[in-house]
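K.L.:
Protein chains in written order, with the working numbering: chain A, 541 to 970; chain B, 541 to 970.
To be clear, the hints were calculated from the coordinates, so they are not data collected in a lab. Quick caveat, the model's predicted, so the values are computed rather than measured. Do not rely on the hints blindly, as some may be mistaken.
In this list, chains with the same sequence are indistinguishable; a pair is considered to hold if it fits within one copy or across any two.
25 Å max Cα-Cα, derived SDA-like pairs, lysine to any residue [claimed, not checked]:
#1 K956 / T736
#2 K876 / A571
#3 K664 / Q863
#4 K720 / A597
#5 K664 / S572
#6 K727 / R835
#7 K720 / D734
#8 K664 / G610
#9 K543 / K876
#10 K664 / R576
#11 K876 / R565
#12 K543 / G567
#13 K543 / K664
#14 K720 / V872
#15 K543 / N926
#16 K956 / A648
#17 K876 / T907
#18 K543 / V872
#19 K543 / H653
#20 K543 / D884
#21 K543 / E579
#22 K727 / E740
#23 K727 / T930
#24 K876 / S572
#25 K876 / R577
#26 K543 / R592
#27 K956 / R546
#28 K876 / G567
#29 K543 / I812
#30 K956 / R782
2 protein chains.
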Amino acid sequence: MSKPLRVGVAGLGTVGAEVVRLLARQGDLIASRCGRRIEVVAVSARDRLRDRGLALAGIDWRDDALGLAGDPRIDVVCELIGGADGVAHDLVGAALGAGKEVVTANKALLAHHGTALAEAAESKGVALGFEAAVAGGIPIIKALREGFAANRIERVFGILNGTCNFILTAMRDNRREFRKALAEAQKLGYAESDPTFDIEGVDTAHKLAILASVAFGTPVDFAGVHVEGITQVGLIDIDFARELGFHIKLLGVARVTEHGLEQRVHPCMVPIAHPIAHVDGSFNAVVVEGDFADRNMAVGRGAGAGPTASAVVADLIDIARRQRLPAFNVPVADLKALPRASMDRHRGAYYVRFTVVDRPGVMADMTAAFRDAQVSIEALIQRGRNPGDTVPVVMTTHDTEEAALGRALARIAALKSTREPPRMIRIEQF
Amino acid sequence: MSKPLRVGVAGLGTVGAEVVRLLARQGDLIASRCGRRIEVVAVSARDRLRDRGLALAGIDWRDDALGLAGDPRIDVVCELIGGADGVAHDLVGAALGAGKEVVTANKALLAHHGTALAEAAESKGVALGFEAAVAGGIPIIKALREGFAANRIERVFGILNGTCNFILTAMRDNRREFRKALAEAQKLGYAESDPTFDIEGVDTAHKLAILASVAFGTPVDFAGVHVEGITQVGLIDIDFARELGFHIKLLGVARVTEHGLEQRVHPCMVPIAHPIAHVDGSFNAVVVEGDFADRNMAVGRGAGAGPTASAVVADLIDIARRQRLPAFNVPVADLKALPRASMDRHRGAYYVRFTVVDRPGVMADMTAAFRDAQVSIEALIQRGRNPGDTVPVVMTTHDTEEAALGRALARIAALKSTREPPRMIRIEQF
Numbered sequence: 541m542s543k544p545l546r547v548g549v550a551g552l553g554t555v556g557a558e559v560v561r562l563l564a565r566q567g568d569l570i571a572s573r574c575g576r577r578i579e580v581v582a583v584s585a586r587d588r589l590r591d592r593g594l595a596l597a598g599i600d601w602r603d604d605a606l607g608l609a610g611d612p613r614i615d616v617v618c619e620l621i622g623g624a625d626g627v628a629h630d631l632v633g634a635a636l637g638a639g640k641e642v643v644t645a646n647k648a649l650l651a652h653h654g655t656a657l658a659e660a661a662e663s664k665g666v667a668l669g670f671e672a673a674v675a676g677g678i679p680i681i682k683a684l685r686e687g688f689a690a691n692r693i694e695r696v697f698g699i700l701n702g703t704c705n706f707i708l709t710a711m712r713d714n715r716r717e718f719r720k721a722l723a724e725a726q727k728l729g730y731a732e733s734d735p736t737f738d739i740e741g742v743d744t745a746h747k748l749a750i751l752a753s754v755a756f757g758t759p760v761d762f763a764g765v766h767v768e769g770i771t772q773v774g775l776i777d778i779d780f781a782r783e784l785g786f787h788i789k790l791l792g793v794a795r796v797t798e799h800g801l802e803q804r805v806h807p808c809m810v811p812i813a814h815p816i817a818h819v820d821g822s823f824n825a826v827v828v829e830g831d832f833a834d835r836n837m838a839v840g841r842g843a844g845a846g847p848t849a850s851a852v853v854a855d856l857i858d859i860a861r862r863q864r865l866p867a868f869n870v871p872v873a874d875l876k877a878l879p880r881a882s883m884d885r886h887r888g889a890y891y892v893r894f895t896v897v898d899r900p901g902v903m904a905d906m907t908a909a910f911r912d913a914q915v916s917i918e919a920l921i922q923r924g925r926n927p928g929d930t931v932p933v934v935m936t937t938h939d940t941e942e943a944a945l946g947r948a949l950a951r952i953a954a955l956k957s958t959r960e961p962p963r964m965i966r967i968e969q970f
Numbered sequence: 541m542s543k544p545l546r547v548g549v550a551g552l553g554t555v556g557a558e559v560v561r562l563l564a565r566q567g568d569l570i571a572s573r574c575g576r577r578i579e580v581v582a583v584s585a586r587d588r589l590r591d592r593g594l595a596l597a598g599i600d601w602r603d604d605a606l607g608l609a610g611d612p613r614i615d616v617v618c619e620l621i622g623g624a625d626g627v628a629h630d631l632v633g634a635a636l637g638a639g640k641e642v643v644t645a646n647k648a649l650l651a652h653h654g655t656a657l658a659e660a661a662e663s664k665g666v667a668l669g670f671e672a673a674v675a676g677g678i679p680i681i682k683a684l685r686e687g688f689a690a691n692r693i694e695r696v697f698g699i700l701n702g703t704c705n706f707i708l709t710a711m712r713d714n715r716r717e718f719r720k721a722l723a724e725a726q727k728l729g730y731a732e733s734d735p736t737f738d739i740e741g742v743d744t745a746h747k748l749a750i751l752a753s754v755a756f757g758t759p760v761d762f763a764g765v766h767v768e769g770i771t772q773v774g775l776i777d778i779d780f781a782r783e784l785g786f787h788i789k790l791l792g793v794a795r796v797t798e799h800g801l802e803q804r805v806h807p808c809m810v811p812i813a814h815p816i817a818h819v820d821g822s823f824n825a826v827v828v829e830g831d832f833a834d835r836n837m838a839v840g841r842g843a844g845a846g847p848t849a850s851a852v853v854a855d856l857i858d859i860a861r862r863q864r865l866p867a868f869n870v871p872v873a874d875l876k877a878l879p880r881a882s883m884d885r886h887r888g889a890y891y892v893r894f895t896v897v898d899r900p901g902v903m904a905d906m907t908a909a910f911r912d913a914q915v916s917i918e919a920l921i922q923r924g925r926n927p928g929d930t931v932p933v934v935m936t937t938h939d940t941e942e943a944a945l946g947r948a949l950a951r952i953a954a955l956k957s958t959r960e961p962p963r964m965i966r967i968e969q970f
């Protein structure tokens, strides 16, 4: 048996502690699969006194995580601190600079600095593993980089944030408005006390930018992601969706169009006939469409200690087995920057909901706005009557360019009868 | 760029031809991902004159596939002939013996000779790739071997045969009896003219034995698989299933119980709340339950030229990237033979359907048989009345041992009122 792979773990939060626990519990199993042991030789965290239920005897404790980067007894630094910058960034940079392999679960770090870090890893011939950064328990980075390596990827999309999926599922199944469902998610531990990054779509955007880079061989371009969260989705939209044959999911979608790389995160109407419509609760799902493999969907836990630790250790096992591939599937020098496809040029079908005064002539004004913008209406629903007061009116469109829809919506928003800004949700086509 | 990986393709049927086509079409893309080209330098097939729409200029033609094994210009032999024995077996054996890497899509070959072939590959330090042998377009072998390598696998199961899934879906959605649905599947090209291996569950069993070996680190034991096909599933069962909240799927299920390795292929009642219940038509799905990763499901095309070629070439790409792992995840010497868990010891819930004469006392006789076998009835349905003539009676049981259920069914089968052998379908629990 070869000599052990020696790991330094930075950050002993939920995930870090579980990684240490997993490596201890499955030591023999992993050794039989790798031909060598994977051993935690050093750890670093802020609070040495906290009881994490871990046996840390014989493991070096370091108050300063950065010390791991220079420790000659460490082969791999496992960065589980989090955050796009600060200590996490410094540590990963220093570790790679010192020629150490790095495994991280840090999506923000990768989304902001992925290409530069990949370059640093490459120049030292070491691995930069980040399976745990996207869709935790689903080995999707490996699938894209290796399992589907024979394919030109046509589209990659998914439910990448368990908090949002939990909230949208609770809204639908328990008929809750967004705020109530969010409070519920927080009580159950599915949402953090500051849920901004999740509900505003930022976390999904981090993951999407990473997926897009691996799938399309392009530098990570987080700033190019169009991001909308779920805070504007009403229970009324979920009800209309169901009536129209859709479930609403927060999707991250990336594809290469004639206008360039389209990366977008927003609530989507998903036809109930598509299996991703049935991925509920805190589960994640990623769909890969390849030109030979056709459509593949992987469903699993997107977060949580166990699934994330499983992904972190899978990366460590790859390293222990001496399997190293370029972080984004091709060497950094071969990554091809693509123009950003503007959302104005996005083509698709749309769901729009208006809140208008129920009086004669309103429908005529609205449909005229669509006609003049050359947007073709597929369906129009006005449930109930409420003469003189407001009613919701829902329309779905045929395939159109987003800029054209924007013109119609702007005109309708300015109508005297319109009482709330129109709400738009894109209908994803499969 | 390193020197090209030179491939000899044996068998130019649907899959073989598509592999040649894929490598030609994606040559540059694959080279950018591997750092070297993958080139087909020789092919072999029975009929040289058949027009396959392939550009074979510059590629050696060999009438005798075995010649590929000894050809010094070939690095990898790609076996796409099929069949557990005969030429396919001879070729793979000879190629490995000559120190060539081998990639195959041949599940029958692996199910029957997997362990011996893995040993041959190991002794020469070459790869034996078979991603395409199980669930075509789903990279499940890689996921088990690498993505979930940090996990003790608790259960692996799936819909592994698109023909059966197509037939069961057509029975349910178009209200067809089995024979009609099979004829339809044959007309549409989803079933072969001799569909025996598919509908009798043998194909699923081949794939399950391979999955179990990789998942549990045990020698391939195809002979230990309990196999039932779908020929006995009636439309009436599908209707009752739906009423009880189930869809019927042909599953292959493998897990390690206290009695040993349980490997079984049979129609299953799957609760509609489980996402695998919604994998319809010719799609395949594999669920992996790991002790850290939790439940993961992958859905994709199980067969067809494109998805299978995608998997074959993924294996070639692994070889081109010099990523070689033991075929069944650990070296053959470390595979641990497990006792076969007898189906008699299987514990689970059951659906049973009886065809009995509708007369007083029948129910009492039947329920007494269950009571005496100590099998607890969960539900009992007798729809409609037909005094003096036969009626279907359906029962579902609580958790029980299969041997006990067998005793109850034997006694009921012998009742004077019983007109057809009782039908039993296992209810899979999640």
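K.L.:
Each of the hints needs a verdict: does it hold here or not?
P.N.:
Going down the list of hints, with the structure as the test:
no.	hint	verdict
1	K956 / T736	neither (34 Å within a copy, 70 Å between copies)
2	K876 / A571	between (39 Å within a copy, 15 Å between copies)
3	K664 / Q863	both (15 Å within a copy, 19 Å between copies)
4	K720 / A597	neither (45 Å within a copy, 67 Å between copies)
5	K664 / S572	between (29 Å within a copy, 20 Å between copies)
6	K727 / R835	between (36 Å within a copy, 24 Å between copies)
7	K720 / D734	within (15 Å within a copy, 57 Å between copies)
8	K664 / G610	within (15 Å within a copy, 39 Å between copies)
9	K543 / K876	between (39 Å within a copy, 24 Å between copies)
10	K664 / R576	both (23 Å within a copy, 21 Å between copies)
11	K876 / R565	between (42 Å within a copy, 20 Å between copies)
12	K543 / G567	within (14 Å within a copy, 38 Å between copies)
13	K543 / K664	both (21 Å within a copy, 23 Å between copies)
14	K720 / V872	neither (45 Å within a copy, 55 Å between copies)
15	K543 / N926	neither (77 Å within a copy, 75 Å between copies)
16	K956 / A648	neither (44 Å within a copy, 71 Å between copies)
17	K876 / T907	neither (43 Å within a copy, 70 Å between copies)
18	K543 / V872	between (31 Å within a copy, 21 Å between copies)
19	K543 / H653	neither (32 Å within a copy, 33 Å between copies)
20	K543 / D884	neither (56 Å within a copy, 46 Å between copies)
21	K543 / E579	within (10 Å within a copy, 37 Å between copies)
22	K727 / E740	within (19 Å within a copy, 50 Å between copies)
23	K727 / T930	neither (35 Å within a copy, 55 Å between copies)
24	K876 / S572	between (40 Å within a copy, 11 Å between copies)
25	K876 / R577	between (38 Å within a copy, 19 Å between copies)
26	K543 / R592	neither (29 Å within a copy, 51 Å between copies)
27	K956 / R546	neither (69 Å within a copy, 72 Å between copies)
28	K876 / G567	between (41 Å within a copy, 17 Å between copies)
29	K543 / I812	neither (52 Å within a copy, 49 Å between copies)
30	K956 / R782	neither (30 Å within a copy, 51 Å between copies)
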